[in-house]
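Student: From first to last, the protein sequence lines are chains A and B. Residue numbers in the first sequence follow our numbering, run continuously in steps of one, and reach 185 at the last position. Residue numbers in the second sequence follow our numbering, run continuously in steps of one, and reach 1628 at the last position.
Take these hints with a grain of salt, some might be off.
[What the hints assert, rightly or not] Derived DSBU-like pairs: lysine-lysine, alpha-carbon spacing no greater than 30 angstroms straight-line:
1. LYS38/A - LYS1231/B
2. LYS1545/B - LYS1403/B
3. LYS1241/B - LYS38/A
4. LYS5/A - LYS1357/B
Keep in mind the hints are simulated off the structure, nothing from the lab.
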Amino acid sequence: MNYEKVALIGIGNIMFHDEGLGAYLVKYIELNYKPHPKLTIVEGSNLGFTLMTYYQEYDKIILVSSGSKEGEVGAISSENAQEIISNENTTRKTANEVELTMMIEICSFHEKMGEVQLITMTPKDIIEVKNGMTPEALAKMPDLVNATLKELENSGIVLEPNGADIGFDEIIDRFANPRQENWGD
Amino acid sequence: MAENNATVETTESTETTAPAVEEKGYHKTDANGNKHIIVDPITRIEGHLRIEAVIDKDNRIVDAFSSSTMFRGIETIVKNRDPRDVGLMTMRICGVCTGTHYQRSIEAVEDAFNITIPKNARLVRNLIQGALYMHDHLVHFYHLHALDFVDVVAATKADPKATAVEAQKWADMAGHAPAISGVADFKAIQDRIIKFVKEGRLGIFGNGYWGNNAYKLTPEQNLIGVAHYLKALDIQRDLAKMQAIFGGKNPHPQSIVVGGVTCVQDIQNPARIALFKQILKEGTAFIKGAYLPDIYMAGTAYAKEATDGSQAFHATKHKGTLGKEIGGAGGGLLSYMAYGDFRLDDTGFYKAESFFKRGIVLDGDLSKIHEIDESKITEDVTHSWYEGTGAPEHPYDGTTNPKYTGLEKRDDGYAYLKTDEKYSWIKSPLYDGRKVEVGPLARMVVNYVSGDERTKKYVENFLKRSGLPITVLFSTVGRTAGRAIETEMIADAMFDWVDELAKNVASGDLSTWQDFDFDEVSADSKGRGMAEAPRGALGHWMRIKDGKVSNFQAIVPSTWNAGPRGPNGEIGAYEAALIGTKVENPEEPLEIIRTIHSFDPCIACAVHVVDTKGKELAVYKVDPTCAF
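Make a model of the complete structure from these sequences and hints.
Tutor: The structure is reproduced here in structure tokens:
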């Protein structure tokens, strides 16, 4: 299906180990693929209320986040808005899950609300206050990239590599050591 | 908003060997008739908050305990960083007040380096923060709190024609044109509600306590509330954009740096200034035509509870040394503190005249403002899951060493807070050994008692137009009204600030940054960024040694308000606000949720985070509601 405006948003706090995987994922796609005129990429972290703006302004919103579902580290699942709300026992555990679910609920009553798809990957640790990812979760990031690219294709967005070949280690390092002069690269 | 999906458990208040008996959703009462109501989680944004309230046989709350069951934190992750970059990390403390944490860290460094930023930078920062206040307060009221007052389902019974008349009436009281006034508009919205109810698609409205007797509005008033709820979704979208005009982007603004701001191009661009003013104008029209009229409406409908002294904290055995007896249900401590914010001149930090004044009002004594002695600000961990050093610590020297002692699982299968011991991940901040409330109401009270003419004008206008007594402000609904009054004040002031910025730039002053010699000033220094966030007083304290951060502590608004008991049993702001309140139906603790929401809780940023190896924390990882 084709959409005029698609937002790809990485959710999760980079200070809590694997919880930042959504932020790393979208930065990876932003840095390694050519821009697409219909696609906006957002490093959302813990977006809070601002998430509502994206729900309202875009036709399709693809969220990428760590998830709380039981399963092996790296297990990937994908749910639409109705499924997210219906499966509240498995999508309301962490702060960012609560947040993104509540924003869906608030906006779902409004006449203008884009289609939401949430892609989650099971982390190993989101407790420790630490930048970076566990080796186990990091090893599964290529699978998350593929799942995200596939969802984008389903939404009419086919991305082409730009040849940059910037790896997750470098991206994680940038997030862990932000500097005023290169923030927003 | 009715915290629709909050888990509610009511259990016996004392241990018993008798088997728990399910009875209308809660357990059999004990010999004293007391029950524990547990609401967990109570906040849907930014984390988890658990409230345990003990109610007597008359359904009056006789004791209450506030606990954050989610371990979060920041402090140690910024140690040994370049202080100029700390704001880029602390902005991730909270998704709502991202830019405020960012700015507080930068201001702590500027204070340490004794930097006074240029006028343009001061005004830009005021505009970015002002835009955040407008956005935050509007979203809080309509999307996180209004449905604690507005019964959505009852709106289906409204007469759209009478609703239009009613909307005009409250707008007239506020002295403005109504944001929505057409009969057809109200009819269309009502049709949508009816359709959603019939289809079972109420979304966030689905699990509310609709029909509870604690809802006081008429069907027409409820329809007005829902209509404004929907319209506010459109307004907030633009207000979020307003933050990014000078902030660079939202979330995670990047235009503020140690020494000033970087958006020198934006302040010279008339189109950016015009866009800012246009959104400000539209947002202000909604604030005056919907938000304020709705506060007049709710304030009038809920005035009885708000002025019922028998439901106030001071009417209970916990009164202690409390002086003035003012206010009603939800009033709480009646002690307020504000650090002050929005500098109005360029004489530097903590010297400049400010829009929000700095000070403390104690025990409801509205005749006296106390100056803040920063050395008297401490944090205690007697009832928090941290190792203590034996005495409350000033944040410059604060430590954060977790010591999780868990909850008490009783025979009835429920897990209770160990309220005589440690029971929260939030530390307990104190001012001179006392608990104080922070937030919009605190700012309004401090400004009012300080004699600020602008605040007196807005507050007295509200009281005069509504016909309500000043005591109504010291309550749950008063806390909500204080936030609305503050929103209008800020919105009006921002027109002046943006004009002042444009005029200053037009005069040829393009300075946005103050240079400094980093090597010299960062050798050994300390500074604090103490100002306000939408939810209240926010402080970042930083020690800098050899160009690196050697210690960092933050005390955020929800720490002041949601903190547990102090070392000598000092009751926290949330806890005090609940004690004395009468609950209409213990199975539907709408009054508890309404009062806690009136503080606009934000728990992720309230709990100290450390780099811990304590894997016993996994207890919340498995089940964040702590209902083992």
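Student: Run every hint past the structure and note whether it holds.
Tutor: Structure-based check of each hint:
1. LYS38/A - LYS1231/B: Judged against 30 angstroms, a Cα distance of about 27 angstroms means the pair holds.
2. LYS1545/B - LYS1403/B: holds (29 angstroms)
3. LYS1241/B - LYS38/A: holds (20 angstroms)
4. LYS5/A - LYS1357/B: Judged against 30 angstroms, a Cα distance of about 45 angstroms means the pair is violated.
The structure fails hint 4 only (numbered hints given earlier).
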